[in-house]
Amino acid sequence: MDLYRVEDRRLLTGHGAFLDDLQPVPNIHHAAILRSPYPHARIRGIDASRALAMEGVVSVLTGADVASMSRPFPSALPRQAAYYSLAIDKARFVGEPVAVVVARNRYLAEDALSRIVVDYEPLPAVVDPEQAVINPDAPILHEDVGTNIALHRTLRYGDPEEAFRTADLVVKRRLRFPKYGSTPLETFGVLASWDAAEEVLTIWSNFHGPFSMHPVVAQALGIASNKLRFIVPGDIGGGFGIKTSIYPYMALIGLASRLAGVPVKWIEDRQENLSASSSGTDRVSEVELAAAKDGTILGIRMKIYDNVGGYFRPPEPGCTFRPLGNYVGGYSFRNLDVDAYIVFTNKSLTGPNRGYGCPHLYFGIERVVDEMAQQLGLDPAEVRRRNLIPKSAFPYRTPTGGLYDAGDYEACLDKLLDAADYAGLRRLQAEARAQGRLLGIGFAMGVDPSVSNMGYVDIAASAEERKHRHPKSGATQGTTIQVDDLGKVTVEISTTPQGQSHETMVRRHVAKEFQIPEHEVMVISGMDTATRGWTIPSGSYSSRFASIGISSAVVTARKVLEKLQRIAAHQIEANAEDLEYVDGSFRVKGAPERSVSFRHAAGIAHWDPASLPPGTDPGIYVTHYHTMPTALPPDDQDRVNSSNTYGFMVDMCVVEIDRETGEIQVQKYYGVHDSGVILDHKIAEGQIRGSFVHGLGGAMYEEMSYDADGAFLTGSFMDYLCPTFLEVPPLETHYVETPSPFTVLGSKGIGESATETVPACIANAVTDALRPLGIEVNELPVTPSKVWGWLQEAAVHDQS
Amino acid sequence: MADMRKDSAEDALFEARDVSCTVNGQIYRAKAEPRRLLSDFLREDLNLKGTHVGCEHGVCGACTILLNGRPARSCLTFAVQADGAEITTVEGLAQSPARLTRLQESFSEEHALQCGFCTPGMLVTATALLQDNPSPTADEVKHYLSGQLCRCTGYEQIVSAVLAAASGGQKGGE
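Chains as they are written, first to last, in the numbering used here: chain Z, 1 to 800; chain V, 1001 to 1174.
Please keep in mind that the hints were generated in silico from the structure rather than gathered at the bench.
Among these hints, one or two may not hold up.
Example chain Z residues on the side facing chain V (calculated, C-beta under 7 Å, incomplete) [said to hold, decoys possible]:
no. : residue
1   : Leu3
2   : Leu11
3   : Pro184
4   : Glu186
5   : Arg270
6   : Glu272
7   : Thr724
Among the chain V residues that face chain Z by a calculated CB cut under 8 Å, a handful are [to be verified]:
no. : residue
8   : Gly1054
9   : Cys1055
10  : Pro1097
11  : Phe1107
12  : His1111
13  : Pro1120
14  : Ser1146
15  : Thr1153
The calculated lysine-lysine pairs, modelled on DSS-like cross-linking and capped at a C-alpha distance of 25 Å, are [to be verified]:
no. : chain 1 : residue 1 : chain 2 : residue 2
16  : Z       : Lys668    : Z       : Lys786
17  : Z       : Lys172    : Z       : Lys293
18  : Z       : Lys682    : V       : Lys1142
19  : Z       : Lys682    : Z       : Lys512
20  : V       : Lys1142   : Z       : Lys668
21  : Z       : Lys559    : Z       : Lys488
The C-beta atom is built at its ideal place from N, Cα and C for all residues, glycine as well.
Extracted from the complex, chain V is given alone in its bound form (with noise of 0.2 Å):
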């Protein structure tokens, strides 16, 4: 039987790399193929489970992390591009689970999930949208998040969660 990766282009390219990140504060080493995908890194590698894989082509938004500030689909991102980076997952939103953001305080108040699955990329794509734009119309808050599908709410109180948590600011929270 041929081994199927006798070819030394092909061993490099399974070849597991070096990968450090900072990930929600922590710094995090580990290998990884140079294909694994930065998701799966993520969630099996770091068992950061926050993270949610959807449909793994970009489409559906779940697994959207922040990376070096910005939002990015980890399910189209390789971990060893993100060696050297600073990553935002869900988990990393909140001080704790005792205290909430001011946004994640409003998903709940808005009635902004049912299932959750699609939270984790909702929190963190708005999270973006409110530091770039910390007061967005209804129209900017549903053209930013449009990257991102949610099949239990029907959308509209997620914007209402966005609007109110970029009015708010008083009503407690980060």
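So that you can see chain Z by itself, here it is in the shape it has in the complex (with noise of 0.2 Å):
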């Protein structure tokens, strides 16, 4: 029988190709990496004389050698707080790599980790973003920038003091968002194998782009970019954004392959992957939002702290700026201050995951709705409809310049109150608050960018600055299809996916355009930057397939069928405007048994080429680069359309606090997407329901923790929670679909949408259900443990 999707049979079956699967090569040995046990330690020397020693051990890459064979990754910064791939004299947090050991095989790699002395002399760390930028005590981490502010940008969008002058009333919450990573369950997985006689080197790796990583590999190794292959394999298990920040380790297993003269094979463990590999960043901010009384919001202002951690990879500060065209949200406010600092500390280093930077953007805003609607004694969710961006406006031209594609944002909060029975909810709410029970409702909505325009990166630097730079722009993505002599099609994709059905959609979607059969199409997935099309933008990260990924193969296919047509009108001497593609054939319109097939306009170009129209080329074979033309540089206002589509979302759910324990039941959640035309129902609904749980992590179980000196405390999977079957609530949602006017299907990005808007509407919700006791949720993750304390604290104070 027909599976669902065309990848599921090897999944099913064992036979994926991920990357630990792979032997592309003889002779593989295998990395062992020695990480810093302190968050911040200078390193006085390293001696790896006995490691060396052991039997099955190849070699000892250290910082010694990287200084020597590397140069820092280039990033938005100036050329300070010089980032290698593994620590060079200090380490800076802890689970910095220190040394690599290659061996025969890992068992022995790690055995000889134990014989490396390293002579650490232990510096005070700091872990709090805020802390490390106001505490003039605090520790700096990078002596030559002497600060640990990485980078600081104000940006001031409309008119933000006269908004907050004339405010009714003028909210302020001091907020801290959590660090955490999805974790995909595939860790990263490194092989890299130096060609000494070429001077190449091809690393395989589960690297999901976006591949504008190649050049800051190649800059760093000091290799001509063509003598550096990456090669991906056609399953990645996971990503979630996490697996772009592989790099550093595919620079570093490239060196420690070059130093053993064999080929390496790195597969980081779970204890690694916790600590080391990457993770969102956590955020301290203040914001502040100005309203009139009737609950039209006037303008906000957000002071920011970002934490990324020990050094500035990029493409931080995405986490800032990614999101920067819809700081806005579904709102309609004009009028915006953001004063950012983006800081180094003693904690690990950060990147893309899943809604990168959007899940601390909503969750600042969407508390200070919630508490503005409280203080005004409105409802919070009519609150929000009289803030919305209404469908006439769009497309609509944020304050921060955004271009909003489509959508209908009241629509989508009209379902969600009908579907939830709102007005029966807050009667229930009601009784159960007489009953002395703690029962809340929360709201979040945002807006779910897809497609990051690379131009938005350029943010990082001041306008000024921008003027002396050559401007980036662009989302692109290619296709290459070849139509074989039968008439089979292959169809090459670059979008690496990591489980987003890719090669089904794709497949789906270029039969129906060449109308015929699905099975006589088949998707090739992975990549090789050495033998295949790639684009800077390249990969599965920003939502990007269902905008530009899937709009890149039908264009590519449509200018397939142009060529066919050509072949087709000079076979039966006709014009080829005269033809029409009908069944799988060519035909003259009027007169249709003059027709030639797909299959044989196919051979024709391969068999026959003296059949051809003069100037066509033989053969099949297109490749298409696709870009959307909303994708321009930053303005000299500081205005930059960050993504090329947008989503919206709104969000409730039902929460009830059991008062001994602190527990925290979500009864239900509701959520309604305006994600433009849905191309699959199922697979839609499996990227929002996977990003619901992760959004849940964040909000309620996950946190990459740390204690006040820097200790990683959540180094395994017994501390560091990820939500199980057993605690995911009854989840209902519904859709509706605004044809996007900027990509070909109409459709748009979704699979990160939920993850954005959860972590607000939690928090929104337990406020609810605390507001008789006075308590906020101002911080997250909100386990029970904080709730019981809180609800401890307001019973002592109503007892005094």
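Join the two chains into one complex using the hints; note that each chain is given alone, in its own frame.
Have a look at this one:
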């Protein structure tokens, strides 16, 4: 029987091809990485002689090697705070690589780690990003920078001073958003092979793009970019943005292979993954909202401290700036003031994580919107409605430069309130409160950006600095289609998927364009930068596929059809424009007996070039690079359309708190999404449910915790709690489908949506539940022990 | 330079032992150091790459196999412990990739897998569940599978797939 997805059969039978399953070269050796046990320590010396003397050990790579064999990774920062693939003279977080052992197998490599002696001089550490900036006694991580501020940007849109001056009400909250990562079940994996004869470095890895990291690695390693070959297998065991940040390990294992003279493989273990792979930033912020007494939002001010850990690793500061175009969310206010600090501390490094920057953003905005509604005595749903961008305003230019393509936000809100019987829920809540129960209803909404515009990264520089640089723009994705002499089709995609069903969707839509059965189309995923088409933005991140990935495939298919139509027209001596394509054949309009089949036209291109129309190349092998005209560089007012399509979601949930234990029961969660035309409801629903649980993890369970001295506390899945089958509450989803005018099929990204609003929604619901006690949730994750502590404080306060 | 393994007790620790076991109906005989994990033995020595390793400390469940018919974490089992055992891995669930079990078909129909990395452990564990309890409730499915992490699906579709396989049977498959 046919399965639902083309990917499923191999994955269900244990025949997938994940990174650790590959054996592409002989004589593979294995790496183990020695990591800093200290959050902050000078490395005075390393003695690896006893490790090197062990049977089976080939080499040990240390900071001295890395400093001589490579350069710091280029970044958006000025040439300071050098970041290499391994600590050179100082370790700046627990888990930072300090040495790499290469041995015949992993067991021997790990044995050898214990024989390496590192002379550390421990230094004081700082983990709180605000303290790292404002506390004059905070240790400085990078002496050459002289401060822990990696970057400071102030951005101003509209007239925020006027908004706050004329406001009837100003609400201000201090908020803490936690450090967590989506921890894909397959960890990082790298296999590097240095070819000394050709000076080519081939790196297999489960990197999922953007391939903008290819030049970053090439420059760090000082290798000609065409001699650095990235190969990615067709199966990646989850990514969620995290595997973008594998590239320093690609460089590191590449250096290890070069030093060892053998191919080297490294598979990250879970402790390494939790302590040192990647996560979102933790953020300390102050968010301030100016409102009129009818609940109209007049403006917002934010002071942000984003914690990027020990080093500044591109594509940071994406956490801060990737959502810039949608900083106002779904609201129509025009005045905004952003004071953003990107800060070094002794925590592990950060990067894209599902929702990249948006969970932080909406936690801030949605918390103060709720408090504003509360203080004005207005209903939180009604306040949101009053501030929504109306359907008639699209395409809508936000004050920060975003160009929202389409959406019907009010229809989403209506659908939500109707589906959840909001009025009924409020009655239930009133009854529960009368019984002394703590029942809460929370809302959150947000605009879900997809297809990052490469131009946004330039916001890290000021408008003045940008004048002196080459601008960046675009969001290009390529597809290659070949049709063989028997009319069978092979499609190479460059989206490096990690479970998002790209093979299924591309096969379906290319077959549809060609009017042939799906099984006659084969889709090749994965990547090989030496032999296949790729672009700087290629990959799967920022929910690109349903916007630009599928657009690229469909447009490429149409270009193939144009060529075949010219061939067919020449064959039957007709004008190409007089032909129509029906049931897999090109035929003359009004004279269907004069026709050439898809297969026949393709066959001519391969077997009989002499019969091709003049000027037509033989063969059918078409590569098309698709971009979006909306992906422009920032302007001189710091406005940028940071993404290219924008979905919308509005969520509501009902929670009840146990007064005795602080346990939070999420009784029901509702989400309504407008992500344009839904290409496949089953697959879209899978994306929403997965992203919902990631948001739930950040809201209630997951945190990469450190103590005040920088010790890392959550190094296993026993301490870092991912939601299991038993933690997932009932989720009800609904869709509004407003087609995007900017994509070929009217569809757009959806995979990050829920994760962006769930933390805010849970915080608002728990706050609503605790409202009778005057308790607000302004930090996440909201755990039972935190709630229990707050309940105890409230009880003490009540008695005194 | 001192030989790290000169002491005879340590030698014994590293000395490879014979392991013979039946995996998916095939008899295998190989040598394994006492410390070698069964997950590594299956993947590297027997080249059965279907069993995945997600945490190496027994929490995520991706590496689950059937060891003498019971679900076991192959990352918490030494290869030598499997001497004489009957093992089923994900590769052994279906007769061939063309003839899937009802459970495997349900996983596809319900979209119970995305990246597929946790899927081998899910399928193996759910297979054991359905052997123990052919008609579980949704709650029983969740509890039985609560030691299996999935970071893609949000779990609900996996529950649906197991329930569909349990109640189904009429729609082809084994």
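Outcome of the hint check:
no.	hint	result
1	Leu3	4 Å, holds
2	Leu11	3 Å, holds
3	Pro184	6 Å, holds
4	Glu186	5 Å, holds
5	Arg270	4 Å, holds
6	Glu272	10 Å, violated
7	Thr724	5 Å, holds
8	Gly1054	4 Å, holds
9	Cys1055	4 Å, holds
10	Pro1097	5 Å, holds
11	Phe1107	6 Å, holds
12	His1111	5 Å, holds
13	Pro1120	6 Å, holds
14	Ser1146	5 Å, holds
15	Thr1153	6 Å, holds
16	Z:Lys668 x Z:Lys786	22 Å, holds
17	Z:Lys172 x Z:Lys293	16 Å, holds
18	Z:Lys682 x V:Lys1142	21 Å, holds
19	Z:Lys682 x Z:Lys512	19 Å, holds
20	V:Lys1142 x Z:Lys668	17 Å, holds
21	Z:Lys559 x Z:Lys488	16 Å, holds
The earlier numbered hint that this structure contradicts is number 6, and it is the only one.
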